[in-house]
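Using the hints provided, position chain L relative to the given structure of chain X.
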Amino acid sequence: MVPKPPKGHFNVLYFASASSFTSMESESLPAPLPLRKLFETLDEKHPGIKAKILNSCLVTVNLNYVDIPEKDDDPDQVTIEEGDEVAIIPPVSSG
Amino acid sequence: MEPASGRAEQLRLQIAKAEADLRELRLQLSQVETSQEHDPRDQSSHSNVPPEIVSPWKWPLQQQEYERYARQLILPSVGLAGQMRLKSAAVLVVGAGGLGCPAAAYLAGAGVGVLGLVDGDIVEVSNLHRQIAHSHTKIGMNKVDSLAEYCIDLNPRVNCVRHVTPLTPENAAEIVSKYDVVLDCTDHPTSRYLISDACVLLQKPLVSASALRTDGQLIVLNNPPAPQGSQDGGPCYRCVFPKPPPPDGVLSCGEGGILGPVVGVMGVLQALEAIKLVAAGPPPSHEVPAPSLLLFSAVGTPTFRSMRMRGRRSDCSACGMSSSLTPDALKSGMVDYVLFCGVRSPVRVLAPDERITAAAYSNMLAENPGFAHVLLDVRDREHHAIASIPGAVNVPFSMFQRTDMGGQDGTRPDWLPESLPPDAPIYVVCRVGNDSQVAARKLKEMRTGSEHRFIGDIQGGMEAWKKEVDKSIPFI
Numbered sequence: 001m002v003p004k005p006p007k008g009h010f011n012v013l014y015f016a017s018a019s020s021f022t023s024m025e026s027e028s029l030p031a032p033l034p035l036r037k038l039f040e041t042l043d044e045k046h047p048g049i050k051a052k053i054l055n056s057c058l059v060t061v062n063l064n065y066v067d068i069p070e071k072d073d074d075p076d077q078v079t080i081e082e083g084d085e086v087a088i089i090p091p092v093s094s095g
Numbered sequence: 001m002e003p004a005s006g007r008a009e010q011l012r013l014q015i016a017k018a019e020a021d022l023r024e025l026r027l028q029l030s031q032v033e034t035s036q037e038h039d040p041r042d043q044s045s046h047s048n049v050p051p052e053i054v055s056p057w058k059w060p061l062q063q064q065e066y067e068r069y070a071r072q073l074i075l076p077s078v079g080l081a082g083q084m085r086l087k088s089a090a091v092l093v094v095g096a097g098g099l100g101c102p103a104a105a106y107l108a109g110a111g112v113g114v115l116g117l118v119d120g121d122i123v124e125v126s127n128l129h130r131q132i133a134h135s136h137t138k139i140g141m142n143k144v145d146s147l148a149e150y151c152i153d154l155n156p157r158v159n160c161v162r163h164v165t166p167l168t169p170e171n172a173a174e175i176v177s178k179y180d181v182v183l184d185c186t187d188h189p190t191s192r193y194l195i196s197d198a199c200v201l202l203q204k205p206l207v208s209a210s211a212l213r214t215d216g217q218l219i220v221l222n223n224p225p226a227p228q229g230s231q232d233g234g235p236c237y238r239c240v241f242p243k244p245p246p247p248d249g250v251l252s253c254g255e256g257g258i259l260g261p262v263v264g265v266m267g268v269l270q271a272l273e274a275i276k277l278v279a280a281g282p283p284p285s286h287e288v289p290a291p292s293l294l295l296f297s298a299v300g301t302p303t304f305r306s307m308r309m310r311g312r313r314s315d316c317s318a319c320g321m322s323s324s325l326t327p328d329a330l331k332s333g334m335v336d337y338v339l340f341c342g343v344r345s346p347v348r349v350l351a352p353d354e355r356i357t358a359a360a361y362s363n364m365l366a367e368n369p370g371f372a373h374v375l376l377d378v379r380d381r382e383h384h385a386i387a388s389i390p391g392a393v394n395v396p397f398s399m400f401q402r403t404d405m406g407g408q409d410g411t412r413p414d415w416l417p418e419s420l421p422p423d424a425p426i427y428v429v430c431r432v433g434n435d436s437q438v439a440a441r442k443l444k445e446m447r448t449g450s451e452h453r454f455i456g457d458i459q460g461g462m463e464a465w466k467k468e469v470d471k472s473i474p475f476i
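Read top to bottom, the protein sequences are chains X and L.
Under full-length UniProt numbering, the residue at position 12 of the first sequence is numbered 12, and the numbers go up by one with no gaps.
Under full-length UniProt numbering, the residue at position 311 of the second sequence is numbered 311, and the numbers go up by one with no gaps.
There may be inaccurate statements among the hints.
Footprint (simulated), chain X over chain L, 3 or more residues, beta carbon under 8 Å [to be verified]:
(1) 151-163
(2) 187-194
(3) 214-228
These are computed hints drawn from the structure, not numbers from a lab.
Ideal Cβ placement from N, Cα and C applies to all residues, glycine included.
Just chain X, with the same shape it has in the complex (with noise of 0.2 Å):
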């Protein structure tokens, strides 16, 4: 199981090529953070990992799939709170 993030954190789990690239299954990330920073923010803890994954994955929100707002005026602006769970979802192809 992956362990409950401390107080004022929020986990991030990593399938398929993005845990190859982190190395890591999850990690916990100081909370609350706009979900639109939520790219940048783990380019900035692995770097290079937005171009090579992130950008072409998909990302749940507490089991719930969302969209990663491109601007920061865009309405739909989602928060991630103390305690939510964060998936990064990169396409598998092969079978």
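Same frame as chain X, but now just chain L:
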């Protein structure tokens, strides 16, 4: 020894030929039998009907079908109506590999009327740990023929239609149009977008699954299969993954590896979703469940996670309201899937004088065994552990993809021996000679050691090493 091995070879050829003839005969027989069964005039002549039954058979299924499907017929989710729907359904399995083998086997077992199989590949020995319908004696055979034979052997009542070709923009619409449900069991982003587009255009529900290493994904797309532009339909592949991954980040099972049961689980789940879909009948006879993406992780906890998805994207380039996707655009090649997904161009990062052949490296060491240098093997740890060049130090390539791998400021990275003179050369080797160039370039940019230090790679990687230096080394 010589005459004996010659005789063995002769026998092998004879067996292979006899087996191929038998296969062809079985396929022909099954086609004759299934076409008879679908023609009501021939019912009485069906050889499977026992002679003691004199009164005409008045039940909707054949007697043998009640026996064969008994265990699923008594389930509320199938029942007689569901079995009748399965019998009259045509299901297409695109890809006869790790997903397609178990998926097709369960669909054949469940008694779908027509089972279409599409694949242009042939069976290889490295397929056999997971592609369960193929076998050692079928190496070199078309995967579609091999899988069709397996399915017919399992259930001769299924009409197996063989499409011995990859699915292409030119043939996709024609093939897909003949079926009611499609299973994407392929292995590349290009085919995933192509199949999804064809299913959107032809309004077919699509059961999509994939697997790599120890992870799998499953999603039922375009369900319900509302017309293009309608927001009532389920999302398509482009709604879920609008942007393809960068081509150099796409790993095949050959490159990334795959655990047999992982892809098996995903293929079995695909068959399950397809059976549920067909047996339930078309909407509105049942409620279509909200779309969800099922993630499987063989090593994670929990093993399964279900993600709630949204409906169609209104701006989707395939199923959206202003989509320009048409059957003509698809067939004429106006939608360029290769261009959309990108191609891995050959890596030419190093100049010829920054590269050395495997043979030259080996000769150099033979002439001067104490030669001070470092050989970096940038393949994954597992590759390195299976077989490597003596003395090679393993620094996996993923380290080089990170911009914070250490040593950027000219300090000595951990893997560089302290005793190594600052001008001693560094050679980099990988599997086939692409990653090694990128890694060598990165090392040059990091400026470790003296500016006179040679940093380059072994051209062609371990593949070339096997060819030029050591034929006995396993190459994976």
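Structure-based check of each hint:
no., hint, result
1, 151-163, "violated (count 0)"
2, 187-194, "holds (count 4)"
3, 214-228, "holds (count 3)"
Figure legend: structure checked against the earlier numbered hints; the only hint not met is number 1.
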